[in-house]
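For the record, the sequence lines run as chains Z and R.
All residue numbers for the first sequence refer to numbering that gives the first Met the number 0, where the first residue is 0 and numbers rise by one.
All residue numbers for the second sequence refer to numbering that gives the first Met the number 0, where the first residue is 0 and numbers rise by one.
Simulated from the structure, these hints should not be mistaken for laboratory data.
Please note that the accuracy of each hint is not assured.
[Unchecked claim] Each pair of labels, with its calculated beta carbon distance range:
1) R196(Z) to D10(R): 14 to 22 Å
2) G12(R) to S49(Z): 37 to 45 Å
3) T91(Z) to D10(R): 24 to 32 Å
4) L226(R) to R196(Z): 38 to 46 Å
5) D10(R) to A21(Z): 29 to 37 Å
6) R11(Z) to E214(R): 27 to 35 Å
7) S177(R) to R16(Z): 50 to 58 Å
8) T294(R) to K169(Z): 20 to 28 Å
9) E129(R) to T91(Z): 51 to 59 Å
10) S175(Z) to P59(R): 26 to 34 Å
11) K71(R) to Q6(Z): 48 to 56 Å
Source: prediction; values computed, not measured.
For glycine and all other residues, C-beta sits at the position ideal for the given N, C-alpha and C.
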Amino acid sequence: MITLDLQDSSTREINRRLHQLAPDTNETAWRIANPKGAHSLAVGLTLPISVEVDGHVGYYCAGMNKEARITVKGHAGQGLAENIMSGTVRVTGNASQAAAASGHGGLVVIEGDASSRCGISMKGVDIVVGGSVGHMSAFMAQAGHLVVCGDAGPDLGDSIYEAVIYLRGKAASLGSDCVEKEMTEEHRKTLAALLKRAQIDADPAAFRRYGSARQLYNFKIDNVGSY
Amino acid sequence: MCGIVGLFLKDSGLYPQLGALLAPMLIGMEERGPDSAGIAVYRNGVPEGAVKMTLFHADPDFDWQALVHRLKKDLGTAAEGEVRATHFVMMAQIAAEVLRPWLARAYPEVRVMGLGERIELFKEKGLPSEVVERFRLAEMGGSHAVGHTRMATESAVTTEHSHPFSTGLDLCLVHNGSLSNHNRLRARLARRGIAFQTDNDTEVAAGYFTYRLREGDSLDQALEAGLSDLDGFYTFAIGTKDGFAVLRDSFACKPAVLAETEAWVAMASEYRSIAHLPGAREARIWEPEPARIYTWTRPAAA
Numbered sequence: 000m001i002t003l004d005l006q007d008s009s010t011r012e013i014n015r016r017l018h019q020l021a022p023d024t025n026e027t028a029w030r031i032a033n034p035k036g037a038h039s040l041a042v043g044l045t046l047p048i049s050v051e052v053d054g055h056v057g058y059y060c061a062g063m064n065k066e067a068r069i070t071v072k073g074h075a076g077q078g079l080a081e082n083i084m085s086g087t088v089r090v091t092g093n094a095s096q097a098a099a100a101s102g103h104g105g106l107v108v109i110e111g112d113a114s115s116r117c118g119i120s121m122k123g124v125d126i127v128v129g130g131s132v133g134h135m136s137a138f139m140a141q142a143g144h145l146v147v148c149g150d151a152g153p154d155l156g157d158s159i160y161e162a163v164i165y166l167r168g169k170a171a172s173l174g175s176d177c178v179e180k181e182m183t184e185e186h187r188k189t190l191a192a193l194l195k196r197a198q199i200d201a202d203p204a205a206f207r208r209y210g211s212a213r214q215l216y217n218f219k220i221d222n223v224g225s226y
Numbered sequence: 000m001c002g003i004v005g006l007f008l009k010d011s012g013l014y015p016q017l018g019a020l021l022a023p024m025l026i027g028m029e030e031r032g033p034d035s036a037g038i039a040v041y042r043n044g045v046p047e048g049a050v051k052m053t054l055f056h057a058d059p060d061f062d063w064q065a066l067v068h069r070l071k072k073d074l075g076t077a078a079e080g081e082v083r084a085t086h087f088v089m090m091a092q093i094a095a096e097v098l099r100p101w102l103a104r105a106y107p108e109v110r111v112m113g114l115g116e117r118i119e120l121f122k123e124k125g126l127p128s129e130v131v132e133r134f135r136l137a138e139m140g141g142s143h144a145v146g147h148t149r150m151a152t153e154s155a156v157t158t159e160h161s162h163p164f165s166t167g168l169d170l171c172l173v174h175n176g177s178l179s180n181h182n183r184l185r186a187r188l189a190r191r192g193i194a195f196q197t198d199n200d201t202e203v204a205a206g207y208f209t210y211r212l213r214e215g216d217s218l219d220q221a222l223e224a225g226l227s228d229l230d231g232f233y234t235f236a237i238g239t240k241d242g243f244a245v246l247r248d249s250f251a252c253k254p255a256v257l258a259e260t261e262a263w264v265a266m267a268s269e270y271r272s273i274a275h276l277p278g279a280r281e282a283r284i285w286e287p288e289p290a291r292i293y294t295w296t297r298p299a300a301a
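This is chain R alone, in the form it adopts within the complex (with noise of 0.2 Å):
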C-alpha cells in the first residue's frame, strides 16, 4: 500500500512552517503505511563548495562529535551539525568526492542517507507519528518536502529499507507501489557506477533518475525516459536542490492527488492528508494524469 506526500512552497512566507505543515500530512497516511516513515526536507542550502550530509548510525548514542573531531583531525576540514534522533545534518567546507570515501574508511557503519547543498533525508522505523515526534519534523523550515509511510511489501522493514531515497545530490525520491524489472536494472546501473545500499526496488528508480540528470537530462528528460524504462507500478514525488515532481506509470493503479493554490502545491495519495493545508478547500483540486509529468521549480535563488 503504502502512502506518499510532497509539499512545494511557493510563497517564501510559509517556509519557517514547512515542517508544521507537512508533519499532517505524514501522519494522515499513517494507516496506509504503519511500518516505517521517512521525510526529506529541502532547507538551509550551504555556501558553495560545501557540503551538507545526513548521516545515520543505529545506535542513538553514537558520539557525532567524535567524527567531527576525527574529520578535523585527517582532513583538516571543520563541520557543523546537528543531531535528531539516529540521524546527524552535518555540514562541511569539503567537497562530497572527498569526505565520502573517508567516511567509509573511517566509519563504515556510517550509512549516508542524504547528500547535496540543500537536503536533509530522516527516516525510521515505526509509526509515522512517532517517526514525526522523533525528527521533530514540526520545527523545520524549509521550501519543499517529500515524505512516505511505508507499508512493506518487496523488501525487508529496516531503516535502511525506508522511503525516501536518495542516491545523488539533493535527489530523492519516494514511492507507491511496485517496480519489477528492478534487479536487472539496478545491475546496469551498477555497471555504470550508480551505487546502492539495499536490494529495494525504489531505490533503483531513484538511482535511474540519478543516472539520466547525470547524464545530463533535465528532469523533465529523466521523467521522460523513466516512463519507457521503468516497469511496473508507480506513483513517484520527487525532490530536487529547487524542484519538485510528480509522476505516475500509464496505469495509474496507485493513488494521487494534486492540489494547488498561490501559495502551496500539495501531492499525496489521499485527499485527507491535504485537507488541513491552508486554503485547501478552495484550492485547485485534481488526479495527475497517468504518463504525464509534474514539476514545479523554485525561483532561483536572489
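Just chain Z, with the same shape it has in the complex (with noise of 0.2 Å):
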C-alpha cells in the first residue's frame, strides 16, 4: 500500500497523483493519510484502485469517482461521492448533505446516518445507508435505489421519478408524489443483493418500497426500460 499524507503534500499534488496513473498500473492500492478534514480528496478518479482514508474528511470527496473503490475510514462533509458514475465509495462514520449527489452509478455506502438531501437528483447509483436520512433524501431521484436502515427526515423523495427506496424505520413524512409501494418477493431479491453489496447486515423482510406515484410527471410506459 502506497501512502500520501496530507502533512507533507497539497490535495491538487495527491489527487494529481492519482489522476496520472496509467490504466496498467501495478499500483492498485492507496492510502491517504491525515486528511483532517480536507476538501476535494481522491476526486475524479478514473481506474479499478482502491483508496483508503484514514480520517475524518471535508467536502466532495470521491466526487465524480470511475471504478476505483474508496473508503473513508470516519466522518465525510457536504457532497460526498457526487456525481458518482460507478465504483465503489465507502464511509465508515456519518456524511453530511447531499451525499451521492446526482450519482450516475455505482455504490455509496454510508455506514453511519447521512443528513440531508441524501441521493437528491440520483441518476442511478445505488446508495445504502446503515443509519437515518435527513430532510429531501431522494429529492427528484431519476433511476438507482436508496436504502436507509435506520429512519428518514421530513420529505422523504419528494418529486420522485423512478429510483426506489427502501426505508427500514419510519419516515418523518413522504414528499410530493413519493407513496409506499407493495414489496414483493423480487424487491426482497434486489434489496438482499444491495444489502450483500454493502456488506450491511438487516433483513430484507424488514424493509418497506417507496417510490413515484407518477402523478407529477409525465410517465410514459415506453420508457421504461430507460431508467
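Please dock the two separately framed chains into a single complex, following the hints provided.
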C-alpha cells in the first residue's frame, strides 16, 4: 500500500498523483493519511484502484468517481461521491448533506447517518445507509436505489421519478408524489443483493418500499426501460 | 459564505488554553470569510455590581487612560482595563445603565462592542489570521468563545458590521446565512427599546434574542421562538454568560459540524476547523439537525 500524507503534500498533489496512474498500473492500493477535514480528496478517479482515507474528510470527497474503491475511515462532509459514475465509495462514519448527489452509477455506502438531501437527483447510483437520512432525501431521484436502515427525515422522495427507496425505519413524512408501494419477492431479492454488496447486515423482510405515484410528471410506460 | 466557530470547554483544566485552541479554528475558516473576523470570549467574570465593557475606537492610538481618568472625575468611579489593538476591555464598579449614557455623552465616537460580566468582544476588518494576531487571541483563557470570519454579502465591510453582534448583557451571536425579514423586525424591536448600531441583518437576530430573554424567556425558549420569527437562512452560534447554543433554520442549507468529547464541545462550519483539537478524531461528530436547539451550560460557579 502506498501512503500519501497530507502533512507533506497538498490535496492537488495527491489527486494529481492518482490521476496520473496508467490504466495498467501495478500501484493499485493507496492510503491517504492525515486528511483532517480537507476538501475534494480523491476526486475524479478513473481506474479500479483502492484508496483508503484514514480520517475525517471535508466536502466533495470521491466526487465523479469511476471504477475506484474509496473507503473513508471516518466522517465525510457535504457532497460525498457527488456525481459518482461507477465504483464504490464507503464511509465508516456519518456523511453530511447531499451524499451521492446526482450519482449515475456505482455504490455508495454510509455506515453511519447521512444528513439532508442524500441521493438528491440520483440517476442510477445505489446508496446504502446503515443509519438514518435527513430531510428531502432522494429529492427528484430519477433512477437507482436508496436503502435506509434507520429512519428518514421529512419529505422523503419529494418529486421522485423512477428511483426506488427501501426504508426499514419510519419516514417523518413523504414528499410530494412519493408513496409506499408493495414489497414483492422480487424487491426483497433486489434489496438482499444491495445489502450484500454493501456488507450491511439487515433483514430485507423488515423494509418497506417507496417510489413515485407518477402523478407529478408525464410517465410513459414506453420509457420504462430507460430508467 | 462566512465561517463560524464556537468552543465550549467542559474541562476547566483547559480554560487557560481557550484562545490558543480557538485561534486555529478561526484561521481555518479564513477561506470562507476573508473580509473581517471577530471573537467573543467569556472569561474573568467581574464581581457583583461591576461591569465589563469592551470599547472600540477607530484610532489605534486613542488615549484610553484619559477616558478612565475622566470617568473617575465625572462619576467618581474607578476603572481598570486592558488595551488590545483598537479595543479596550474596561472593568468598573458601576451599573451598565449609568455607564452607558455617560459614555455616549462624553465619547460619542467610542463604540460599545460587548457588555456584561464575562464577555469580551473583539472584531476588526482584515484576514482572520491578522485579526487573531492583532488581538493576541492565543493568550486569552476562558470558558467558552464564539468566532466569525466574514464574507460580506448584505451590508458594508466595516468593523461595526463585523460579527459577533452583541445587543444585550453577555449575549452575542455569530451567523452564517442571511435573514430576509430583518428590516421589519428591527423596526418592531426598536419600538420595544432594543438599540441597534448598524443596518446589518445579524444584529437584528442578536437584538431579537436579547428582547426575548429580557421578557423572561429562557435561552431555549428564545431560540424556539426565533425559529418562527426569524425568516431566512441561518446557522447561529450563540454565547451567553454561562452557555453556548447552536441553531440552524429548518432548511439547514448553511453548513455546520458539531463535535463533542468529555473535555469540550466544538462547532464549526467545516470539520477542518475542529481537526486540531485534542481528541478530535475520536470525538462524537455529527451534523446538527435542522430547527433543533442545541445548548450547553457551564455548571454554576462554586
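A quick look at each hint next to the structure:
1. R196(Z) to D10(R): 14 to 22 Å: 43 Å Cβ-Cβ, so the 14 to 22 Å window is violated.
2. G12(R) to S49(Z): 37 to 45 Å: holds, 42 Å
3. T91(Z) to D10(R): 24 to 32 Å: At roughly 28 Å between Cβ atoms, D10(R) and T91(Z) fall inside 24 to 32 Å, so the hint holds.
4. L226(R) to R196(Z): 38 to 46 Å: holds, 40 Å
5. D10(R) to A21(Z): 29 to 37 Å: violated, 52 Å
6. R11(Z) to E214(R): 27 to 35 Å: Violated, since R11(Z) and E214(R) (Cβ atoms, about 53 Å apart) do not stay within the stated range.
7. S177(R) to R16(Z): 50 to 58 Å: Once the Cβ atoms are compared, 40 Å apart, the range 50 to 58 Å for R16(Z) and S177(R) is violated.
8. T294(R) to K169(Z): 20 to 28 Å: holds, 27 Å
9. E129(R) to T91(Z): 51 to 59 Å: violated, 38 Å
10. S175(Z) to P59(R): 26 to 34 Å: violated, 57 Å
11. K71(R) to Q6(Z): 48 to 56 Å: At roughly 55 Å between Cβ atoms, Q6(Z) and K71(R) fall inside 48 to 56 Å, so the hint holds.
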